[in-house]
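Student: Here are the chains, one letter per residue:
There are 4 protein chains.
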Amino acid sequence: MIKTIRDPIHGDIGLGDVELGVVDSPQMQRLRRIRQLSFCSLVYPGANHTRFEHSLGTMYLAGKIAQRLGFDDDLTRKIRLAGLLHDVGHLPFSHSLEGLFDISHEYNARAVINGEVGDVLEDGGFRKKEIVDLIGGKGYGKIISSQIDADRMDYLVRDSHYTGVAYGAIDRDRIINVMGIEGDNLFFQKKGIVAIEALLIARNQMFEAVYFHHTVRVAEAMLEEAMKPLKGRIGAQELLKMGDEDLKTRARQDNPASKELLDLLDARRLYKICYSWKKLDKENLKENAIKELGIEEHEMIIYNVKLPKRLTFEIPIKEENKLVPISKISPTVKNLEENIRRLEETEACAPPELKDKAKSFFERV
Amino acid sequence: MIKTIRDPIHGDIGLGDVELGVVDSPQMQRLRRIRQLSFCSLVYPGANHTRFEHSLGTMYLAGKIAQRLGFDDDLTRKIRLAGLLHDVGHLPFSHSLEGLFDISHEYNARAVINGEVGDVLEDGGFRKKEIVDLIGGKGYGKIISSQIDADRMDYLVRDSHYTGVAYGAIDRDRIINVMGIEGDNLFFQKKGIVAIEALLIARNQMFEAVYFHHTVRVAEAMLEEAMKPLKGRIGAQELLKMGDEDLKTRARQDNPASKELLDLLDARRLYKICYSWKKLDKENLKENAIKELGIEEHEMIIYNVKLPKRLTFEIPIKEENKLVPISKISPTVKNLEENIRRLEETEACAPPELKDKAKSFFERV
Amino acid sequence: MIKTIRDPIHGDIGLGDVELGVVDSPQMQRLRRIRQLSFCSLVYPGANHTRFEHSLGTMYLAGKIAQRLGFDDDLTRKIRLAGLLHDVGHLPFSHSLEGLFDISHEYNARAVINGEVGDVLEDGGFRKKEIVDLIGGKGYGKIISSQIDADRMDYLVRDSHYTGVAYGAIDRDRIINVMGIEGDNLFFQKKGIVAIEALLIARNQMFEAVYFHHTVRVAEAMLEEAMKPLKGRIGAQELLKMGDEDLKTRARQDNPASKELLDLLDARRLYKICYSWKKLDKENLKENAIKELGIEEHEMIIYNVKLPKRLTFEIPIKEENKLVPISKISPTVKNLEENIRRLEETEACAPPELKDKAKSFFERV
Amino acid sequence: MIKTIRDPIHGDIGLGDVELGVVDSPQMQRLRRIRQLSFCSLVYPGANHTRFEHSLGTMYLAGKIAQRLGFDDDLTRKIRLAGLLHDVGHLPFSHSLEGLFDISHEYNARAVINGEVGDVLEDGGFRKKEIVDLIGGKGYGKIISSQIDADRMDYLVRDSHYTGVAYGAIDRDRIINVMGIEGDNLFFQKKGIVAIEALLIARNQMFEAVYFHHTVRVAEAMLEEAMKPLKGRIGAQELLKMGDEDLKTRARQDNPASKELLDLLDARRLYKICYSWKKLDKENLKENAIKELGIEEHEMIIYNVKLPKRLTFEIPIKEENKLVPISKISPTVKNLEENIRRLEETEACAPPELKDKAKSFFERV
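From first to last, the protein sequence lines stand for chains A, B, C and D. Residue 1818 is where the first sequence ends in my numbering, and the numbering goes up by one at each step. Residue 1818 is where the second sequence ends in my numbering, and the numbering goes up by one at each step. Residue 1818 is where the third sequence ends in my numbering, and the numbering goes up by one at each step. Residue 1818 is where the fourth sequence ends in my numbering, and the numbering goes up by one at each step.
No wet-lab data here; the hints were simulated from the structure. Note that the coordinates shown come from a computational prediction; the quantities given were computed from them, not determined experimentally. Treat the hints with care, since some could be wrong.
Note that the list lumps identical chains together, so a pair holds whenever it fits in one copy or between two copies.
[As the list claims (entries may be wrong)] Below, a list of computed lysine to aspartate or glutamate pairs in the EDC-like style, where the Cα atoms sit at most 16 Å apart:
1. Lys-1694 to Asp-1719
2. Lys-1712 to Asp-1699
3. Lys-1694 to Asp-1716
4. Lys-1644 to Asp-1699
5. Lys-1808 to Glu-1713
6. Lys-1456 to Asp-1626
7. Lys-1644 to Asp-1465
8. Lys-1644 to Glu-1661
9. Lys-1591 to Glu-1635
10. Lys-1643 to Glu-1661
11. Lys-1725 to Glu-1806
12. Lys-1732 to Glu-1677
13. Lys-1812 to Glu-1745
14. Lys-1595 to Asp-1637
15. Lys-1762 to Glu-1791
So that you can see chain A by itself, here it is in the shape it has in the complex (with noise of 0.2 Å):
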């Protein structure tokens, strides 16, 4: 270790001479300029963390995980690499925006890897192909991306400590003590079973008290409302050299529109949520709505609640040398996606001088 970066989760996270390399890239650097949890902190203001932590704390989880399971040094810094990288891909407002741009952020890290980091990976003497294979969760990359794994375990108790919120203050200790590997599948002993059962409840827990929050889909709604404009007229190459105010500083001076809700969120001045539906079937209902209520295009916001695709829970647990989906053997985990897909819904939100007017319109219809 050549350097050493404190973090207030894990303390001192030291950095070998490759790595130093990577952080310094201004791809790696990028990631200070966009924030973990996008708009969460309009609710809880603590929450200005970055992706840039976040990174170094996945790629010291990954290497606690990869030592914990015997690989040796040459491996280990492969997976440590990866977890470094994982999210070097990420478009400003992390998850926020992928949807409108339909861009993943593991697509892109493919992309990335390509620039100038790639080159500190190849003159590190490591191939680019491997460590994007593991970022992608291919073979020992489930350290990296998987049901249970470094980028979530760090994330969960990062996100805590910066909101305040105490659900997410899981065991990583207890977790990674319990992992072990068979060929490339990861898998947890049977003892460990309420540590991971707590993971995957606190989860939940934030999913529901934080990362979907109604406040917090309100100001995204307004966000990708503000960079709809710019859909299709501004490519990932140039994405990916922004943060986030780099990218709202350009969606002001694209669209007046744009700028206007832009503004409401710097003020947290925000719509109100005036109606909701289990399922939308309705065609044009924000075009009636925008012509009944003679309001703007960007008053009114219809959108979709999306949980990530896969939440199945079927993490592989050892008992008595059979590997067993955790589902088979812990009630506890058995509704957890059933509870949380509730939160699944469609939207409308707008002004709140406009809400009551809005709600007796889509109760009329």
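Given chain A, put chains B, C and D in place with the hints provided.
Tutor: Only chains B, C and D this time, still in chain A's reference frame:
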């Protein structure tokens, strides 16, 4: 407040004059010598905290709840005193011996308050009966003793701090902030439901990982076995003057088998679980085992793992001006009781060297 | 309290209605876009917290102190409002540019309170002047601004939480508990002297390890250099509408050298310190260096490391009914100012590739 | 690692097979019954932690230091064992009775290691003498026992956690990261000097606020008085089998005055300090006081407050390839010893009802 005491959980806890008088009584001081978690320290070496500090913490949280509910100073002081005194009738080793001696600590609070502590209360202008009733959970006493109360919030957080197990880190600020009262019925506003689910889950996790950890179960079975000869020969009054170590000294002097068991506990030479039954209906099993294996009475212990009788989760949630039991609106809560009841079973334990022989005996029968 | 906000330091912070109105004003919301520690996040990546949450925390602690001192509700509310508003006049980048633009944030509070926030205060029945005076440290305002105050207690703990540096973990409970007041003079009872010494030492340690870390010094010098062209061309009124990023955008558009410096900061390609002087009395040194080395104006920055002017440690301690300055009774405190003043010096920094050349130039001169 | 133990300070602590054997020995298990801070729990009710967990923590930190210094596995295991065993020779009540019985715990470690624990070591391939030497601070043993060592780092953090006093929250990560070794001389790189100063100050603060708190001083004086009759009649070998409570039981049975004092301690009915001397040179003062006041021998205790003999702060700091004692470069450190030595004085304490009479007697004399 005329004195403050530093608590690692709540910071400085202030004491008024009557409270200080109560704290200074021998009955309350005795709680310094009763560990909160009996033998859990054999698994979690940090768990040496006592009923004394837990009593201070319960008083503190009870006062915060009373304030939140808008109670006047007089009522708040009563609630605080009830919180302070709620465990004053605990036997040595907390709950471990309540079954054997057939004495519940709530029952005992009454007796103890009639001693010196009672005089302190009366001199301070409080009626003893009123405090005893609050401790028993009557009326506003639900703040001290109900489904979600000051007692439980304190012990979950405190036990986490000392064991180092993360699960108990509940969000007491949030829970207190959503509390309300109608008549003397405590309720919780719906917006706080995640915090309440989290507390209920945390309790289950603490049951599994700490309070009913298999090693703890064995140690408590050994303790109870060591105390059996005293049953019927030692009265509540005498027990209520003793700390954990006093009772051990007494049992050691009383009986060589008791001494042997307690010495094993001190040296952490514990029995091993050799068999378990979901429901044991064989009679004379222990007698037969002893005869067959040629061992002494105290070398085979058969005991029931018993959770608290009342675990129902019928916490009232206020939703649009109606009180609804939480189980009606929270799918998370539905299976909690069922999940944790599976810990209940009958087990047999014996010295390690007898484990295999005992196991095959039980398999045969 | 009609709303609560979750803070990672103090837990749930309640807001009354006027306070909520103040928080919702654009002036206060702007503080969300000003980082508490300017460029410290280049060394401590977790240090992205903002003046906004610090303002909430200061309000909270100010209220606790007022309560402790037995103030009535009305006075307590004023003190809380002063705490909430004490940083509302901060320029972008907190203290970093106060020298350059020659504007102190206390001065500005006055101007800002005359805007929309001022109306909220007046509508709520408060006189603006009264709050401004409290912010300025007059009378009971010492609770907000003096040697040991709500402001300082909040920022030390908060900066520790986000940087991960342990030193700031001061004992605020203890300090508040030993506070007293005579007229409008705050004092501290002698029994709390260890806690106060600890706070003063903690501040020194935070100066050395965080606020004046050598990398932070360089980054702030680069920032100031980038902003120099705006001096005299941008007014307080304009600055007081900007967040950190707004000012960066403005400077980038203004001037290519500024853009270059800010791009270097974004990519963390920092200048290196090449020389330092205890007392620099050479004139025209920069001009000569630039000429001699054949470099551009902005490639050599010479700046003074300047601690706050007032660091005196004359905190009044109550000892047997007399107020004594702490330096009279605490040998620990005696050298604190001298110890930390040694950080003050003049430094020159330049791009890494120029470091050696510059160093030998300065050695020659 | 074949087993892990959960520690609230360091998380999961792994144990190798020899280490597990050592932990399971009766000598080590005895440490569960010796509280780390003797009677500090009378002031800080959370301070019930034991020498047992502190020993595990010291082992853990010693191992981290060894790793940092690049030691091989074999040496690291020895260092860890020395850390684990460094307190195995402690008398009941930790340091409180070392003066009375004139036995230091380092001396005793030797004797104890010659018991069952010694066999575990030898069976595991270690030579007992080697471990004993390391415990004594010889050679690499400075990692366990010197100015800044694993022992001290563990107890400062641990005592903070359990007392709730913030001062001990030292930055162990940072300190370990700047450690180096030349021959067997531990040193610290200069860039870590703030962390080291902070540790030294923290120790002073803990002395003042916790270890030598005036109530703690009185309680320990009462304890020593209660044990005096046993002096010369109980040997080291016997003491080294006892926990705190065992020794209390023995003293109670031995002598009615001892019983009375110990009962007072249990009920927290403590003597009061009635007088103190910077240097007491009167002879027969106690005898005269007893005669004059007409009280019993054990109702007047005169005792010296004595800090550890060696408090020198000659920690070697590496500055530009030379080792310099810290006092040469840190003005902060200069007065630390002088500051804390002022706690040393002679005090007299007596039952509260005698305080005034005793005070005026001493004032007369």
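Student: Determine for every hint whether it applies to the structure shown.
Tutor: Hint check:
1. Lys-1694 to Asp-1719: Only across copies: Lys-1694 and Asp-1719 sit 11 Å apart there, 22 Å inside one copy, limit 16 Å.
2. Lys-1712 to Asp-1699: For Lys-1712 and Asp-1699, the Cα distance is within 16 Å both inside one copy (13 Å) and across copies (14 Å).
3. Lys-1694 to Asp-1716: Answer is between; shortest inter-copy Cα gap is 12 Å, intra-copy 23 Å.
4. Lys-1644 to Asp-1699: neither (48 Å within a copy, 36 Å between copies)
5. Lys-1808 to Glu-1713: neither (18 Å within a copy, 46 Å between copies)
6. Lys-1456 to Asp-1626: between (24 Å within a copy, 13 Å between copies)
7. Lys-1644 to Asp-1465: Only across copies: Lys-1644 and Asp-1465 sit 15 Å apart there, 30 Å inside one copy, limit 16 Å.
8. Lys-1644 to Glu-1661: between (28 Å within a copy, 11 Å between copies)
9. Lys-1591 to Glu-1635: This pair counts as within: shortest intra-copy Cα distance 14 Å, inter-copy 45 Å.
10. Lys-1643 to Glu-1661: between (28 Å within a copy, 13 Å between copies)
11. Lys-1725 to Glu-1806: Within one copy, since 9 Å is at most 16 Å while 54 Å is not.
12. Lys-1732 to Glu-1677: Classified as neither; 21 Å inside a copy, 54 Å across copies.
13. Lys-1812 to Glu-1745: within (12 Å within a copy, 72 Å between copies)
14. Lys-1595 to Asp-1637: The answer is within: 8 Å in one copy meets 16 Å, while 43 Å across copies does not.
15. Lys-1762 to Glu-1791: For Lys-1762 and Glu-1791, the Cα distance is within 16 Å only inside one copy (13 Å; across copies 30 Å).
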